[in-house]
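Put the complex together from the two separate chains, hints included.
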Amino acid sequence: MTGTQRVVIVPCSGIGKTYGTVSREAAYNLTQDLRPEGTKLVALSLLVLGDEQACADVAESPAVTIDGCKLACASKMVAQSGGRIAREVAVLDVYRQHRALKPEGISELNEAGQELAQVLAEELAEFVDDIESQDGEGDHA
Amino acid sequence: MTEFLETMVDKFTFKVATDRLYSDDGLWAMAEGENRVRIGLSDFLQQRSGDVAFAEIKPVGAALARGDELGTIETIKVNIELVSPISGEIVEVNPLMEFEPEHINQDPYSTGWLAIVEAADWEGDSANLIDPHAYFGRMKKEAEEEAGNL
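Sequence order for the protein chains is A and B.
The first sequence: position 12 = 12 (our numbering), numbered continuously.
Counting from 1 along the second sequence, just add 141 to a position and that's the residue number in our numbering.
These are calculated hints, taken from the structure and not from any lab test.
Hints are all accurate, no fakes.
Taking beta-carbon pairs under 10 Å as the criterion, some of the chain B residues facing chain A (in silico):
1. Ala194
2. Ile217
3. Glu243
Predicted, not measured: the structure shown is a model, and the values here were computed from it.
Using N, Cα and C, we set each Cβ at its ideal position, and we do this for glycine too.
Just chain B, with the same shape it has in the complex (with noise of 0.2 Å):
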């Protein structure tokens, strides 16, 4: 069962898992057996982004490098472009992000996932990414920072 590191900052309480790694810009990638990888949204990133209306991420097939865009969201208040945190080929897409994208906001860490890469280097990659603890602290400080509490 996943843990939580939790804070609350202003009115908002945000939630890191503990189970996967994160990259600078707020994405996840959890190792699922051999190469296999799931990647999603943080809370944070999916809170600050706002409500999502539409989830377009790249076809199974597509070839990544780390770096590369993984697929774009459009929110209620910005439309962003997803850096994928690792290199390999797409396997598997959530079919939710289809017809309902809301999940990256219900449930990011579950249901909201987006793909699933079979990683080229998850070793070299996941080098690259930074622990929950450290993701977390990060989180923090960049939402008060927001909220105007430092």
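Looking at chain A on its own, in the form it has when it is part of the complex (with noise of 0.2 Å):
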């Protein structure tokens, strides 16, 4: 990563969906909690919408998409936007790794969605990590 690029971070947009409520927890706790620097939220709707601003953040810099469902709009959005898909990220995947996190409710997630979308957050923080690192790397080079 080269000086102020982020890894761009593009959660589900499915409103009324628990798991795309959780796609967007993990979203909000990585880039406002774990590594605001960075990292950069991008809005699925704004993608949809072909804003220039966001088309061209995940056209400049690495993305990782987090799917709420199997129809996986972010990855699709963020590919057909020209982004370059560093992750993808499926929430049911991830609730199938920690069974005893079933996440419930919408507006507000119960305890175990809010955990299920803190250990998602803390997952990909690591791979943010991995990110600038390998690119440190590149720019030593």
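So, in structure tokens, the structure goes:
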């Protein structure tokens, strides 16, 4: 990663869906709390609308997509917008690895859902660190 | 090669395979040779239930009466008890169910099958199942009702 380039985080925009809410909670935890300097949150709806800045963000930086269901709208939209997906995550796959954390609720996630979002955010924070360290090595080469 | 009846309701397309029978609950049963019957979920049931997170099917050797619990699936929306459409003994469980239950969603009539049962009374049990055309009609009506089209 060179200079100010950040990893772009694009979560699901599914409103009214529990797993979509988990994806957004994870994205907020990652971009606001865990790695605010190394990441940038891009709203999927802006990509759908063809927002210039959002499209430029995904075109210029590696993207992490967090999808709430098999439709994989976040991943598809980033690809369609000319972005480079560094990692695709599906919330359901994360839940499969953490069955005790069954998310419930929509506008407000239950405790398990919030914990699942945090687990996902922490996994992605490590991934962001890996990208940064790889790019750092590249910068020194 | 399997043929399908197909309908589109709202934005969803539902398929019914024509080479097997169906229970009222939306499970299919397909006879394969002598008394071996493969069981799975219909396309409508899997779409209505949502993405499958976990599938737990009773183990090989389990004896089932028609109406017994064959297993359960947990989806992103609901937990569903799967009711066996036939009686007999489970002789094979789809190994994909343990770690890749998403096959139920991806290919419910093929790789997403659940189990094979050595039927105790296929002739009797199959008389309680419905043919694909009848199931297609019921399924379509149900789908349209849920979509608010009726």
